[in-house]
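Each chain, written out:
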Amino acid sequence: MAHLTYEESKKNVVRGLLILGVVTLVEVLISLLGKGHIIKGAENYAIVLYTAGLVIAILSLYKAYFIIYEFMHMKYEVKTLAMSVLLPTALLIWAIIAFFQEGDSWKDRRDQIIEKNELPATEKAPTATPR
Amino acid sequence: MATIDTAPEKVHEIEPTAGDPWSGGKEPFRASYGKLMMWYFLLSDAFTFAGFLISYGALRFSSPTWPVPDFVFSTAPFGVHGAPLIFVTFMSFLLIVSSVTMVRAVQEGHRENQNGVVFWMVLTIIGGLGFLSCQAWEWTNLIATEHMTVTTNPFGTHVIGGEYLDNEAGEPYRAGEAREKFEVGDSYLIHKHFDEQTGHEEWIQRRFVAQDGSTGVQQFGPKAFGALFFFITGFHGFHVFSGVAFLTIIAINAASGLYAARRNGYEMVEKIGLYWHFVDLVWVFVFLVFYLL
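Protein chains in written order, with the numbering used here: chain A, 1 to 131; chain B, 1 to 293.
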C-alpha cells in the first residue's frame, strides 16, 4: 500500500465492508423478489425471474472485481501480472455457453423421449422373421 | 595449471546472491516469487471451482424441475423455519467481515506492527471458525432432519396442480376433512417417519389427485442436487478449513516474532491474505449459484 497513507487505507477498509455488505443485502432482496417472497405472484412472470437473475449475476461480478482489485491489491500490481491472471478466465465464457447449451439439449432429448413414449402404438414394429 | 583449472569454474558460479530477486537481477512482474505463484495457484483453483459450478448449471438446465433454493434453505438455528436465505446471508456476512479483518492484518504487516498483525489475524480466524460452524449446522440439518444425502434428494417440485389425498403424516384424509391444495411449481419436502412394524424409518410420499383427474405420489427431486450441494459447498468448506489452519500457523509465527526478523517482513501474511480473499471470492459465486438463482 505504498500509494496510500495508513489512515486512508484504514478508511478504505470500512468503505469495502460497507460496499460488500450492502451489495450482498441487495442481492438477497432481489433474489427474494424474483421468487415472489416480497410481492406475491411476482414469481409467475418469467421476465421478473430472468431480470432478477441477470442483475444478481452482475452484482456478484462487481463483488468479485472489488475483492480482487481492492482486497487482493490487484490494482497495485503491474498490468501484465493482472492480465496473466485474469485473461485465462475468459475461457470460462466459452465453457458457460457451451455447457449450459448442452444441458438444455439433454432436457429437450428427455422431453422428446417422454413424448414419443406416450404416443399410441399405431404402427406395430415389423416382427423379425426367423431365418 | 592451477589457474587454468579454476577459471572455467568461475563461469558456472551463477548461484543467486542475496540481492538478486529470482536470481535474474530483476523481478518478473515486479512481484515476489511467492506472491506470483500464489496468484497462479488461485487461478488454477478458480478453474476447479468453475468446473464444479458449470456442471451444476448444466445439470440444472437439463432437469425439468429443480429444488428452489429459497425453499430448501429456509431454516436457521433456534427453531427458525420459513425464513428463506436468512441463515446463509448471515454466513456470507461472516466471510465478508473476516475478509475485511484480513485486509487490516496485511496493512498492519506493512507497518511492521507485530501486535496489530496478530490481533487482526485472530479475528479473521474467529470469523472463519464461525463460518465453518454455521456450515456444520446447515449440513447437520440437511442430513439428520431433512434426510438429504449424496444420492437422495427429498426436495421435489409439483409439475401439475391438485390436492393431497394424504395428510402430512401420510394417512388418508377422513371424509369431510379439508384437503391441502397445491399449485404447479410448488416445492415439497418428503419427510420420514419411524415405522413401528418394520422397525426402521420409512419415507412418507403423500398421494395426491391432480387437476386433470390423474392420481400420483410425491416424487423425489433431481438426484444430482444432493451430490452437487455436498461436494461443492464441501470443497469450499475444505478451503475455509485449510485457510483457518494456515492462518493459525502464520499467526503463531507472527506472534513469535519470526517475520519481524525476516528480510521480506510480513509477506507470508500477504500470501495467506490472498488465499483468504480468494475463499471469500469463491463464496460470492457459490452463494450466487446455489442460493440466489
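If you're looking for bench data, these hints aren't it; they were derived computationally from the structure. Do not take every clue at face value.
What the hints assert, rightly or not - What the simulated footprint calls covered on chain B by chain A, stretch by stretch (three residues with Cβ under 8 Å from a Cβ of chain A suffice, anywhere in the stretch; the number is not a length): (1) 56–67; (2) 224–235.
Unchecked claim - Ranges between beta-carbon positions, derived for each pair: (3) B/Leu189 / A/Ala42: 36 to 44 Å; (4) A/Leu54 / B/Gly25: 43 to 51 Å; (5) A/Thr89 / B/Phe71: 31 to 39 Å; (6) A/Ala42 / B/Glu202: 53 to 61 Å.
Owing to the predicted nature of the structure, the values given are computational and were not obtained by experimental measurement. Built from N, CA and C at the ideal position, the CB exists for glycine as well.
Status of the hints after comparison with the structure:
no.	hint	result
1	56–67	holds (count 8)
2	224–235	violated (count 0)
3	B/Leu189 / A/Ala42: 36 to 44 Å	23 Å, violated
4	A/Leu54 / B/Gly25: 43 to 51 Å	49 Å, holds
5	A/Thr89 / B/Phe71: 31 to 39 Å	32 Å, holds
6	A/Ala42 / B/Glu202: 53 to 61 Å	38 Å, violated
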